[in-house]
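J.: Sequence:
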Amino acid sequence: MKKKIVVFSGAGISAESGVKTFRDHDGLWENHRIEDVASPEGFRKNPQLVLDFYNARRRQLNEVEPNDAHLILAELQEFYDVEIITQNVDDLHERAGSKKVLHLHGELKKARPIDSDVDIVVWENDLNVGDKNDKGVQLRPHIVWFGETVSEMENAIEITSTADYFIVIGTSMTVYPAAGLIHYLPEHCEIFVIDPKLSNSYTKSEHYFQISATEGMKILRKKFLNNMK
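Plus 3 on top of the position in the sequence shown (first one is 1) and you've got the working numbering.
What the hints contain is simulated information worked out from the structure, not anything from laboratory work. Small disclaimer: the values here were computed from a predicted structure and weren't measured. Check before you lean on any hint, since a few could be wrong.
Calculated cross-link-like contacts (lysine to any residue; reagent style SDA-like; alpha-carbon spacing at most 25 Å) [claimed, not checked]:
1) K135 / E161
2) K102 / K200
3) K102 / D118
4) K113 / E127
5) K113 / D137
6) K6 / K135
7) K138 / E161
8) K48 / E66
9) K7 / W148
10) K113 / L188
11) K23 / F56
12) K113 / T206
13) K113 / Y211
14) K23 / K6
15) K135 / R47
16) K225 / L188
17) K200 / K6
18) K112 / D137
19) K23 / K225
20) K200 / E19
21) K226 / R36
22) K112 / V132
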């Protein structure tokens, strides 16, 4: 039976592909506060503004490609059971070839009706006021906004609790409840941390890499493949 690697990824891994991070420009988006474009209140106040914000982010995905960190994680599936829990709403893990990806905070290329969090549809074009499902209900981005429940959290906890290795990559570990996943690891699990800015309070120093996601994963690729010999 393959040993299990669970990956917890954040904006840092996508930023190396050129994906704009959520808080670019000091937390503002074209002079609008993040709360105006990423909250239920913001959507009720100005739905098209919110939709335009996510339309721009969705269009940007067509301009970027998975980087080496994404590709190495996909490569490791040949030798390990790899499950990725990501805070990212892009599809770069999937495009790199990763088969088991859980999106904690939703996905840019999906939409759902405003009255449901389960009737999810694939949506790759711009989404506008007036775009409705077959029941006539307005669609919204399939994104967990500030103040909303992270519905995939229980599934993420279950995956985390089965890890032999846990890789934290490109995340500030400040967004909850997602950052709390580290408390559900089994005792035998080895933790690795890759982030140029994150201070280490999670693992032993030799498992802590204060470098970019791509450089860190090149090191871990060698380590994990050597384990197979």
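J.: Does T206 lie within 25 Å of K113 when you go C-alpha to C-alpha?
T.: violated, 35 Å
J.: Need the status of pair K113, D137: alpha-carbon distance at most 25 Å?
T.: Judged against 25 Å, a Cα distance of about 15 Å means the pair holds.
J.: Could you grab the alpha-carbon distance between K102 and K200 and see if it respects the 25 Å cut-off?
T.: Violated, because 29 Å separates the two Cα atoms, which is more than 25 Å.
J.: Is the Cα-Cα distance between K200 and E19 25 Å or less?
T.: Holds. K200 to E19 sits at ~14 Å (cutoff 25 Å).
J.: Given the hinted pair K225 and L188, is their alpha-carbon gap at most 25 Å?
T.: holds, 24 Å
J.: Can you confirm whether the C-alpha distance between K135 and R47 stays at or below 25 Å?
T.: holds, 16 Å
J.: Decide if the proposed pair is consistent with the structure: K7 and W148, CA atoms, cutoff 25 Å inclusive.
T.: violated, 31 Å
J.: Can you confirm whether the C-alpha distance between K226 and R36 stays at or below 25 Å?
T.: violated, 43 Å
J.: Quickly compare the C-alpha distance for K200 and K6 to 25 Å and report which way the hint goes.
T.: Given pair K200, K6 is violated - Cα atoms ~29 Å apart, limit 25 Å.
J.: Keeping to a limit of 25 Å between CA atoms, is the pair of K23 and K6 held or broken?
T.: The given pair, whose Cα atoms are some 34 Å apart, is violated under the 25 Å limit.
J.: Measure nothing beyond the straight line between the CA atoms of K6 and K135; if it is 25 Å or shorter, mark the hint as holding.
T.: violated, 44 Å
J.: Is the straight-line distance between the alpha-carbon of K48 and that of E66 25 Å or less?
T.: violated, 30 Å
Violation of the numbered hints given earlier is confined to hints 1, 2, 3, 6, 7, 8, 9, 10, 12, 13, 14, 17, 19 and 21; the remaining hints are satisfied by the structure.
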